[in-house]
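Spelled out, the chains give:
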Amino acid sequence: MLFAKKKKKIDGDKHYVSLANIVGETAILYKKEDLVSYDCDGFTIHKSMPKAVVFPKSTEEVAAAVKYCAENKIPFLARGAGTGLSGGAIPLNGEVIISLAKMKQLLSVDFENRQAVVQPGFVNLKLTNSIANKGYYYAPDPSSQYVCTIGGNVAENAGGAHCLKYGVTTNHILGLEVVLSNGEIIEISENGIPDAPGYDLLGLLTGSEGTLGIVTKITVRILKNPEGKQTVLAYFDKAEDGSHAVSDIISAGIVPAALEMMDKTAIEGVEAGTYPVGHPRDIEALLLIEVDGVAAGIDEQIEEILKVCKQRNVREVKVAESEEERGKWWANRKTGFGAMGAISPDYLVQDGVIPRSRLPKVLQNISEISKESGLRIANIFHAGDGNLHPLILFDSRIPGETEKAVKAGTACLKACADVGGSITGEHGVGIEKIEEMRFIFTDEELEAQTKIREVFNPENLLNKGKLFPTPSRCMDVKKVIKEAAAN
Amino acid sequence: MAVTEKELQAKPEPSCASTSLSNYLWDDHPDENKWADCVHCGMCLESCPTYLETGQEQHSPRGRVHLIKSVAEGKLEVNEQFMDPVFQCLDCRACTTACPADVDVGGLIEEARGQVRQAMPLTGWKGTVSNFFLKDLFPHQNRLNMLGGLLKFYQKSGLQNVARKTGAMKVMPEHLVQMEAIMPELKKPVQKRYKDVDVIPAKGEPKARVSMLTGCIMDVMFSDINQATINVLTHNNNEVVLPKNQTCCGALHVHAGDRETGKKLAKQNIEAFKDADKVVVNAAGCGCALKEYPELFRNDLEWKEKAEEFSKKVEDISKYLYDTGYEKPKSPINKKITYHDACHLAHGQGVRHEPRQLLKDIPGVEYVEQPNADTCCGSAGIYNITNPEMAGAVLERKMENVPDDVEMISMGNPGCMLQMAVGVQKYGRREEIVHTVQLLDWAYQEDEKNGIGKSSAQQTIATGKE
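Protein chains in written order, with UniProt numbering: chain F, 1 to 487; chain B, 1 to 466.
Simulated from the structure, these hints should not be mistaken for laboratory data. Glycine included, C-beta positions come from ideal geometry on N, C-alpha and C. Take these hints with a grain of salt, some might be off.
Said to hold, decoys possible - Cross-link-like lysine-lysine pairs, in silico, BS3-like; alpha carbons within 25 Å at most:
(1) B:Lys-207 with B:Lys-195
(2) F:Lys-165 with F:Lys-224
(3) F:Lys-307 with F:Lys-361
(4) B:Lys-69 with F:Lys-32
(5) B:Lys-328 with B:Lys-203
(6) B:Lys-69 with F:Lys-31
(7) F:Lys-9 with B:Lys-126
(8) F:Lys-47 with B:Lys-75
(9) F:Lys-310 with F:Lys-229
(10) F:Lys-126 with F:Lys-217
(11) F:Lys-31 with B:Lys-75
(12) F:Lys-47 with B:Lys-34
(13) F:Lys-32 with B:Lys-34
(14) B:Lys-69 with F:Lys-47
(15) B:Lys-192 with B:Lys-135
(16) F:Lys-404 with B:Lys-69
(17) B:Lys-313 with F:Lys-32
(18) F:Lys-451 with F:Lys-464
(19) B:Lys-244 with B:Lys-313
(20) F:Lys-51 with B:Lys-69
(21) B:Lys-203 with B:Lys-313
Said to hold, decoys possible - Between beta-carbon pairs, the in silico distance windows are:
(22) B:Glu-396 with F:Thr-470: 36 to 42 Å
(23) B:Lys-126 with F:Val-17: 29 to 35 Å
(24) B:Lys-207 with F:Thr-26: 56 to 62 Å
For reference, chain B alone in the conformation it holds in the complex (with noise of 0.2 Å):
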């Protein structure tokens, strides 16, 4: 039933209360104080993705805000027209970026897509392709190992040949094919290779000992770029520890309002990364994640305490190294960048500055500045194939925005990585896409090459605050 302000007035809820609020039937429900922070004045809405493509207030910050403020007002219900602006959001957080007020419209949406998920859940084939990924697969790093296995081995037994020539791709959605198209080729997992290593050791005197969040699918897809982060920080006189236990660190689960799920993944970690002092991250949407876990937690007092004390710990690569200090390489990579700012490095950390600098500090880069570097690309963890139009949408704005010269984009997320990927593709272009870690590792590779030794490099050693 419908409860009235002034009801919902005179029953004020302690923070950790564990009630429904009017139409949120749930417990975890959309925080009242994170709303009462919107006065509606609208600075949003040029910065959200949605509402430049529909034009609807519905699918802008300020709209959801409104909606789910007005379900707990009692006007609304929980329901499938509900569901779709809360859903349909990409989970950027521009609009945080954005707003005066500093509202957290994306732990709103979180937290109405919990309520949703709880309201309906998900059923038939659907439910069973969400359950398989988000519960049956990503948590477990064998079965993304077994999986990544079978993938390598449709890479290499020509079997990717055969699929593609005889059409086999055709009967597949079109975004699943453009996805399997850019697969990049898969090598063997960093935490595979490192299983009887406790620490690995920085290559000069070490400075610091850091721990690395390995990712889930990031380990078996992008296992390269966690090599290479491992380099470029044993290069830098870290060492490198990869703990054992650590599992996904839950985005997903939380995007997609498997808010209990995301809880459990988090206690796994904060466990597995209790000793460490330093929690390296290289993919953005996972360090955005594990600096918010406080957040999911906001109900649970003891939980609360341990994941604020480990989200301080949580760096991105970038920032770490610029924080740190960074060898400047010495041999040059003669190409032109740009840099795609990963939503969740740009407006989930506030990292902006750290990953140019490290590409303007590799000799030879041409840097170009594209416009909107900002913008969403589309990728937002699985969205690209939950909400396939829009994500299309999204990164036909994003890829007109990329200047027509240049031969490589540079981020720091490997969702964005493959969602540019099938941009270029898309689009018949030709730029190579990188993390920003890689090209430092080349270049650091081709100093070695080139017989330029850690020691006479020792002096060079920037510290990037100046």
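Excised from the complex, chain F in its bound form (with noise of 0.2 Å):
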């Protein structure tokens, strides 16, 4: 055939030929330039390359696949889009990389009992928009969700947006297949009945990053559309009066679906990326708010929100006019950290957990880092459940700004952790926030967890060296970081 490729045999390594048997010549992925797009996943400052990739399309071949690894002692780990922010996909022993992205089918949608069964490839938004027109949806919403895999989402308990009133990933779970480390298949709560007796697996796994299993079928939840929404965006010209408005709304007893912030740095990214709303550049925090539910009650907490606005001294509020300003408005923010590209060639995102109440203190603090360690630091976040999103933004080919920015990250999360939060809300532990762990967990708690993982991956094969610290490891990952930072 004119310019036509012939096929080339497998060569090198025999357990490439191994597992070209399994999956097929060409679905396995083992020479230099096709393994550096697998060297990190969307948290980039630490790279390492895999062994190989694999792309089986069953959950059988996945299963023959981690079988034959754990025969042969070698380490591997499952991968969606590797769109993770703490490096949970990145290869960090040579890992042979299981990609899931070949298994992306929506296998059933059972209307009658809300529920619906996907293969771990598929991505979040898709299910949303496959159900849409029988006025259904599915509420775990990522910014990442228009590329992410809900396979991905179950690792990392993904959260999003509308979590606040909904629930994270691991609230809209009901049933999964698994393949556990040595290669058998077990199916939890079968057919999506949920609240199983015995000990919550499905809860166990979820939010798991790829330690205890790989997830090959998911059964989730999805809901109908809510009656009626409202959409309201504020500007206010001190971040102060932004973050006290957020504690009044909730005060107020009104549970939005989403309660977002961005300050100034972030709202300068947003609007120089490709999907900018024209916010003014001179406020100091923007508050994107929306409430949905039954029709009736809709118009009163919108006014409730606006006198709450006001009295928090308010530059600007409206209420989005159309569907089509609605969507403008998320794009803006959903995109938000992959706009940081348009001011800073780098990022690093943090994912602290804070009590509401104490947002002023610690942005106060957060700014104050920033200051310090001389980098810009843009906020994005879901303010209604207190997880702040830091963004420090930095060159990494400057020499020493990577270290720094790591160091920055670490300073925010010991702020968050000071006042009572967490070093996690949605983005997971991965690897970045490994040594972290320790601000909130004591060497016993640690010991404890760690042998709840050994139950499900006794030989640690399985994305070996992630979540939790153990001394040598996690002092070597952070080596690593700096050493790549130094170099």
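Both chains are sitting in their own frames, so use the hints and assemble them into the complex.
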């Protein structure tokens, strides 16, 4: 055929040939140039090459690949779209990456029982798009929902803007099919019936960051679209006023579907990106507030929100006049992280959680950390549930800046932990926050959790070096990052 | 030899530098500033046809950016394994639309292809075929016309029937047989027809004078669309000039990594359209290429300036009509029509609304939006010839999205028209493939037949901008 390429035979390592026999010759990558794209995920500070990437098309192929790795003591891990922000899919130990990108089917939808079954590589937003015409949607909406996979959402227990009212991924998972680290296939809550007796294994697996097993089929809850929906945009001259407005809205007894905040630097980023809204550049904070539910009560809630904003010296506040305007506001918000590329070559995003009432203080602390480090920090976050996302802007090409950014990130998490908060709300620990686990857990607590891992993953071949620090491991990772920064 | 990041940092390069960059050994290497915008967020993944097809990240926009950057960092070399993802890209620019930070992936890919072609020039018969098309054919209108004449003879003499009946076609590769089957009937090129005319007059009181790119293949294979464009322009009181010295836009050359020929053609066009106020284009791929001339000359300040001035004048026909006002036809075309966004119109030039509005303004047209209207059809210049397997897979996705009961698929790019025609034929469908201006032209012709004269229609001139 004109210009068509000839298929090449697998060469090199015998493991490549064996794995190719399991998944097929066209479903394995093992050459350096092809593997480079897999040396990191959405967390780019640390890079490490995998041994190979395989693309199974079925649960059986996943199980066979896992079994082969386990028997040959080859470390391995699962990867979806690779949009994770804590490095959960980075192959620290030359892993074989089991990519679930080819397992992307919507297997079934059961409107009567309000549930859907998907393969792990199915993209989050596609679920909502597939059932929207019947008036249904899938609630967890991480900002990367245009591309991230539901399998990855399960691994990270992903959150999103609308999780304030509807809960994070774990609240929407009804059943899982899992390939264990020895290749055995198990079903948890097979028919999607929640609250089965015995231990809550669904809860345990969801958010386990790929260290307990590889999810190959997921039963999720789907929801009926709310009857009504209104979105408000409020501009504040002072960040403090914006923060107080957040607390006031919740204290007034309103549970918004979403309550988002962006600060001045963040606004600079999103306005320089692909989806500018025309936000004023001289404000210190904006709030994006959405209420939904039974149509009858919505107007009153909006009135109340407008009142609170005015009491807190809002400069301008407006209600979306059309679905188009609402869509624009959300596109601007949801592409916020990526838009930082327009104002900075690199960023490191943190994911602290704090009690809402401490928002003004912690924002103040973050601003001090920014001054001390000499790095700009943009804040885009789920203010309603106190889930902060300080984005530390840096340029990895400038010697020492990566290290400074990592340090500033740690300081931000420390500030969160110090006010009784947590180091991660939805992005997971991965390798990024592994050392910071010590801010909130004692050695005994960490060891107790590691023992749970050992039940599922006794050889620690599956996603080794993630989530929990071992004394040597965490030092290693941080050391590597520091060395990379120094280079 | 590999250069460390530190060393790179130590020698900042002016934008017009003519040096190598680590493992990019040739001039005009990929631009560091372009990948500095990419934070590897992955928002591009689902927009990329080759990623959707393969699920492999080296065939995704962020993966390609990562690869291109890795060569600059000295981690990889320009070799065959690097070439594969870089040339597998359809150059559809859907990632540019999806990217939150506006990373110019398309530009990076083209620059990287330039390096690949210099590191590994095409040799043997591939080189011969590529050189024949890109260097010996497309830039030479007289040779194209001659080929057009031969093809016309092939169609008219009965040779086409003979070839099809005798099974002579069976020795050809499948995708070429498909292309042959949908070859449009060839008409006289407009450059020949208006050879002695300096300015084609407006039908009424002239309101503007525009110059038109007649294209290379366009004027041989699709001269009827060129004619329709002239008709629609003059109908709406534009005088039309067809500059004689214009040439192929060079898009295919730049896509193929032959940036030097691309620059040569660009210079010739910039000169040819020197006196034009407006350059109207009816082929999305060409229009996009003309608009991107400044990128081609980013290291040549003198020509960059000229290119910038030139590219501001370039406008797609649908946008030009929409912006300057066009007469809404009165006579109906009773057809159910859907619209396919050519990548280089939607993603490349941001023109989406205007052609749809043109269609909706034709009475009788029942407009149906197709899902994923702005995903690539797989044509991508000559991609369907160089990468037939991937092009075929992408086309299949596209055809699945075309609504079942439409009678016509309208679009604004000849490459897409050929590819979609292959799709219609291959999947046993019946839709007619048309260019948006053709529909408008037909409607105007109906008006004339029905005696709805220009003068009576004068008052109804719509300015698309409302």
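message: Lys-192 of chain B and Lys-135 of chain B were given as a pair; does the straight-line alpha-carbon distance stay at or below 25 Å?
response: holds, 22 Å
For the pair supplied as a hint, Lys-207 of chain B and Lys-195 of chain B, is the alpha-carbon distance within the 25 Å limit? holds, 24 Å
Query raised in the report: Taken at face value, is the distance from the CA of Lys-32 of chain F to the CA of Lys-69 of chain B at most 25 Å?
Result: With Cα atoms ~14 Å apart, Lys-69 of chain B and Lys-32 of chain F stay inside 25 Å; holds.
Lys-126 of chain B and Val-17 of chain F, beta-carbon distance inside 29 to 35 Å? Holds, since Lys-126 of chain B and Val-17 of chain F (Cβ atoms, about 30 Å apart) stay within the stated range.
Just to be careful, I want the Cα atoms of Lys-69 of chain B and Lys-31 of chain F compared with a cutoff of 25 Å; is the pair within it? holds, 17 Å
*asked:* So if I understand the rule, the pair passes when the alpha-carbon distance is 25 Å or less; does Lys-126 of chain F with Lys-217 of chain F pass?
replied: Satisfied, since the Cα-Cα distance of roughly 16 Å is no more than 25 Å.
Agreement of Lys-31 of chain F and Lys-75 of chain B with the hint, judged by alpha carbon distance not exceeding 25 Å: holds, 13 Å
message: Hinted pair, alpha-carbon criterion (25 Å max): Lys-310 of chain F, Lys-229 of chain F. Please report holds or violated.
response: holds, 21 Å
Under the criterion that the straight-line Cα-Cα distance not exceed 25 Å, is the pair Lys-244 of chain B, Lys-313 of chain B satisfied? Holds, at about 18 Å.
Lys-404 of chain F and Lys-69 of chain B were given as a pair; does the straight-line alpha-carbon distance stay at or below 25 Å? holds, 23 Å
When you check the alpha-carbon spacing of Lys-203 of chain B and Lys-313 of chain B, does it fall within 25 Å? holds, 23 Å
Checking one constraint from the list: CA of Lys-307 of chain F to CA of Lys-361 of chain F, max 25 Å. Satisfied?
holds, 24 Å
Hints 17, 22, counting from the list given before, are not met by this structure.
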